[in-house]
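Residue numbers (my numbering), protein chains in the order written: chain A, 1 to 753; chain B, 1001 to 1236; chain C, 2001 to 2079; chain D, 3001 to 3079.
Any given hint could be a false lead.
Within a straight-line C-alpha distance of at most 27 Å, the following computed DSS-like cross-link-like pairs (lysine-lysine) qualify [stated by the list, open to error]:
| no. | chain 1 | residue 1 | chain 2 | residue 2 |
| --- | --- | --- | --- | --- |
| 1 | A | Lys574 | A | Lys654 |
| 2 | D | Lys3005 | B | Lys1114 |
| 3 | B | Lys1083 | B | Lys1006 |
| 4 | A | Lys564 | B | Lys1026 |
| 5 | D | Lys3005 | C | Lys2020 |
| 6 | A | Lys295 | D | Lys3011 |
| 7 | D | Lys3053 | C | Lys2020 |
| 8 | A | Lys597 | A | Lys138 |
| 9 | D | Lys3005 | C | Lys2028 |
| 10 | A | Lys327 | B | Lys1137 |
| 11 | C | Lys2035 | D | Lys3055 |
| 12 | C | Lys2035 | B | Lys1071 |
| 13 | C | Lys2003 | D | Lys3003 |
| 14 | C | Lys2035 | D | Lys3053 |
| 15 | B | Lys1044 | B | Lys1006 |
| 16 | A | Lys327 | A | Lys65 |
| 17 | B | Lys1071 | B | Lys1026 |
| 18 | A | Lys141 | C | Lys2003 |
| 19 | B | Lys1041 | D | Lys3028 |
Not close to chain D: a few residues of chain B, all C-beta gaps over 12 Å, as computed [stated by the list, open to error]:
| no. | residue |
| --- | --- |
| 20 | Ser1040 |
| 21 | Lys1071 |
| 22 | Ser1077 |
| 23 | Asn1084 |
| 24 | Arg1134 |
| 25 | Ile1163 |
| 26 | Met1178 |
| 27 | Asn1197 |
| 28 | Lys1234 |
Hints in this document: simulated from the structure, not taken from any laboratory.
C-beta atoms are modelled at their ideal positions from N, C-alpha and C, and glycine is treated no differently.
Spelled out, the chains give:
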Amino acid sequence: MNNYDIEITDEILKEHNLNKEEYNNIIKILGRKPNIVELGVFSAMWSEHCSYKHSKPVLKKFPTKGKYVLQGPGENAGIIDTKLGIGIAFKIESHNHPSSVEPFQGAATGVGGILRDIFTMGARPVAILDSLRFGNIKTLKTQHLLHGVVSGIAFYGNCVGVPTVAGETVFEDSYQDNCLVNAMTIGIVNKNKIKKGIAKGAGNPIMYIGALTGRDGIHGASFASAELTEENQKRRSSVQVADPFMEKLLLEATLELIDKNLVIGIQDMGAAGLTSSSSEMAYRAGTGVEIDIDKVPKRELNMNAYEVLLSESQERMLLVCKKGNEKKVEKILRKWGLHAVKIGKVIKEQKFKIYENGKIVADIPIRALTDSSYKYFPLKKQKGIKPEYLKNININNDDIKVPDNIEEIFKKLISSPNISCKSNIWRQYDHMVQTNTFTLPGSDAAVINIKGKDLLLSTSVDGNGRYVYLDPFTGGMIAVAEAARNVSMSGAQPIAFTNCLNFGNPEDPEIFYQFQKAVEGMAYAAKKLNTPVISGNVSFYNESPQNAIYPTPVVGMVGYIKGKNKRYVKQYFKNEGDIIVLLGETKEEIGASEYLKEIHNMVKGPVPGIDMAKEKALQKTCIEGIKNGIIISAHDISKGGLAVALAECCLSGKLHNEKAIGAYIELQSDIRIDALLFGETQSRAIVTVKRENLLRLKRIASKNKIIATEIGKTGGDRLIINIDWAAKKYSKKLNLDLNEIEKLWMTGVNEYV
Amino acid sequence: MNKKLKFGIVVFPGSNCDADCLWALKDVLNQEAEFIWHESKNIKKYDCLVLPGGFSYGDYLRSGAIARFAKVMESISDFANKKNKFIIGICNGFQILLEAGLLPGAMLHNKNLKFICEYVNITVENTNTPFTNRCAKGQVLKIPIAHGEGNYYCDERTLNTLIAKDKIIFRYCDSNGMITDEANVNGSIYNIAGIMNTKGNILGMMPHPERAMIKELGSEDGRLIWQSIIDYIKKS
Amino acid sequence: MAKAKIYITFKDGVLEPQGKTVNAALVKMGYKNIKDVRIGKYIEMEIDGNNEKIKKEVDEICDKLLANPNIEKYDFEII
Amino acid sequence: MAKAKIYITFKDGVLEPQGKTVNAALVKMGYKNIKDVRIGKYIEMEIDGNNEKIKKEVDEICDKLLANPNIEKYDFEII
Ligand SMILES: Nc1ncnc2c1ncn2[C@@H]1O[C@H](COP(=O)(O)OP(=O)(O)O)[C@@H](O)[C@H]1O
Ligand SMILES: [Mg+2]
């Protein structure tokens, strides 16, 4: 018999990440002192991870409604409508801390978690994206993390049979001690089969399905919300092991249950496991739950209520079905080699009631655990203060000497970790299974076919921590703009996005300022682009005693290509002899660029400016040009600027089973060469057209007030860039052999994975 | 003569290319195709069985090792012994056929120890088979692979027999059809990408023909293999 | 209740890439005296039954499922 | 030349999906008396050097490379 009525000391409170005030509130809520089980439950549910206590007020700034939004934030995943009878469910989630400790299992279970969030909605997962950030690639530590994370994602996604179609991989010192592993999943769901995490109908059984409960990840929720100190590194028992085969069975069984209308509500057991899934489901339905710990299927001996409630064992789901349907549920699970066990029931009283050995061991009002408007809920009214470092962060272009060894600089950039090709990463991911991947990794956005519908999905995941660090508001805007831009480069209309907000310790007002401003920037851009936020995730405390990570919001955008002929393009030059057009204007902006970092070893602003109206106009131009069959290829200009973008247009055909095609470029310029070639001015793209369509493209561009400049022609096996400064009577030429730059492009990261 | 063939696609727990095969056969090639649950015994009515790719039982012990004990496998040797019955195992399906002893040899980890997903080139070594009669000898097919354990291995005697009896159907090659070490992505012995049994009615191959069915996916070469089977059965 | 300890290794002559790779990695890490690395499986099983029967069964299980006789050999002990 | 035999298994309490799956398969195949299966690694290495040094080295190698200390434990013998 377990005795849970132990004295709650300061020590114990600290271990549970609860302060005195919160503890006193718990006493007020219960009208008595909590026992240790209840304390554990509060600790988990009030942790940052589950309660969003710092972020909630800020997240309200996001636009979340729109004509395509079927399900906004608040559920396991958001859903957008296609107006074709199906919805698209998607969400991104972080698994940063687990991956720092144990990269393979951490990343793998991260993928598992986000897959479950999608299929609990009744949606079949059709794509995974991964957004990864590590420290210096030259260090053994980073190589170890990179290797573990990539093989963990591959292990899981490949086995479950969902293609990993796109992602991003960034290396920056600020992530040396805190790598970021964000994974996104997209699923498709029949509109009338959408399921939610609700425990409706008093008397209905609560069924447990999936893997057995072990002592994995106990303290996981509070663990994920504490800074990663050396001591935490040693708490290794909380490592969860991934079982993708179990996930695959669970996926098929869940979708079959939903298809056969046997599900009232369903949710996966994620952070804070059984506790959060059951209480959230009850909260959404305005009910309560009664759970018998003895009935919960366990993997280990002598597990007590505290452990069972807080276990974060993977591959488990909680389901509420109609009373009387238990046998039918069990039968389907048996077919898939799984079991369903009734562990409790829905009750009318809005309480979280847990029994063990016939005795009640936890009795808590549901709202106290889940409702942020509840009187004693520990919402934090944190204030942000503009960080000191921002006061002196911008350089003057004139302080940077104009270089003359441009070819060398180009070669250094093309082989730098953030710009070089990541093909050895995605080569380890099955990115073709399900036979829908029309645009493979290696283009701005992945394009996914939806069989049987006049619809393609386009998706990209993007963030730029350095921009946000140097200018949180603008950086936030650019994160959204870039993700939307990548999607529109394929010809798709961006519809909505999900986001993962990776930041340091929010209790630090300077970090909180970064958070607030970045969200404001993102919200602003979202409104301007008409792309609401439908789901997301916040990951705080990404810091080590040495430093916090760059504030890193990551945006996962989804767009549509509609119509019978489903027209879409890729980023690489398609034919010899096509006309190359630069859309947008190049300004003298070198701040915050990859060039400034790699060549001048400086992380300084100003971040390139962005005018959201211009941005939208650029995207519109591309979408229209592609839809009308005028634009043959389109690639936006991002990291590394114009020169790098051109090289990518030349080379990336090779990643898509086609050949590399050179280009001859002539630029007229009045700005300095490094800004022209490597600056990261926003809202620009390189597109190609047939000579006879040039005028039509120019018309579309001018209608949208976008400057379209013919800058060259495709062909040959070299990239030649001629630059002419008429005013200065000066010219310069870059002449690059594609084979040579391809080799350089393939180093950088590929040799380490 | 427009009679459709009946394909049965075996679904093991963990199969994940089953739906792709169904799509390729039914939607693209307009044949009759349906799933067969791994516990089923009734497979007589099919002309051709497909063992699809995926991770049967997670591939947790060895790829294909557990799946070969599935109930459906008990009827498969019988099926294979009948006249005009064909089996094609793709990727995990190939691994299962090896484990079941229906094809000789075994699979090891890829030589770089990593999962590899990409388009590869394979040459057609023997066109006088039910699976390749639509191809030209030496023709280079562009078909994707996606596996971590596709490094085909067999002992020397087996290899010699395979060569002597012309049972090696596909080999990894470069885009010009040259059989090189560099083109041997996973380290397979003799660049082997696909083999056939002695009787000539069971094919195992690592590349995924069902993924190379429409040009949007990068190649249509996979059709040649399916179409060969269809033609062959219709003629006989 | 008895316990079986089963050791599965690759047959001689089978070039298993894992062992080779680990060997190379170790030499690169400075362990130049490592000459040969072979990676196999170690399986523990709990079994009910009498010793004679168990022995026969474990042998059967190894032969049928746990090892692939084309490339692997096995050995076991019952304790 | 000495030989090291290394056994790597999962730490107690850590989920071991491989063993679980194999166990279920064996029961389904009719071996109903199999109660628990755990799959680990068995590694054989040939090493040059004196026994004391080898012991230290193998221990180091296991810790650094062969086993994942987050979830695995190891044991070895030198013969
Ligand atoms: N970790 C990864 N997983 C999958 N694909 C990746 C990964 N990292 C990069 N990629 C792919 O590499 C290509 C280039 O990525 P990136 O430089 O981030 O593109 P962009 O600048 O257009 O956002 C994209 O197709 C992207 O999907
Ligand atoms: Mg881009």
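Index of numbered hints that the structure contradicts, given in increasing order: Of the numbered hints given earlier, those the structure breaks are 10, 12, 16, 18, 21, listed in rising order.
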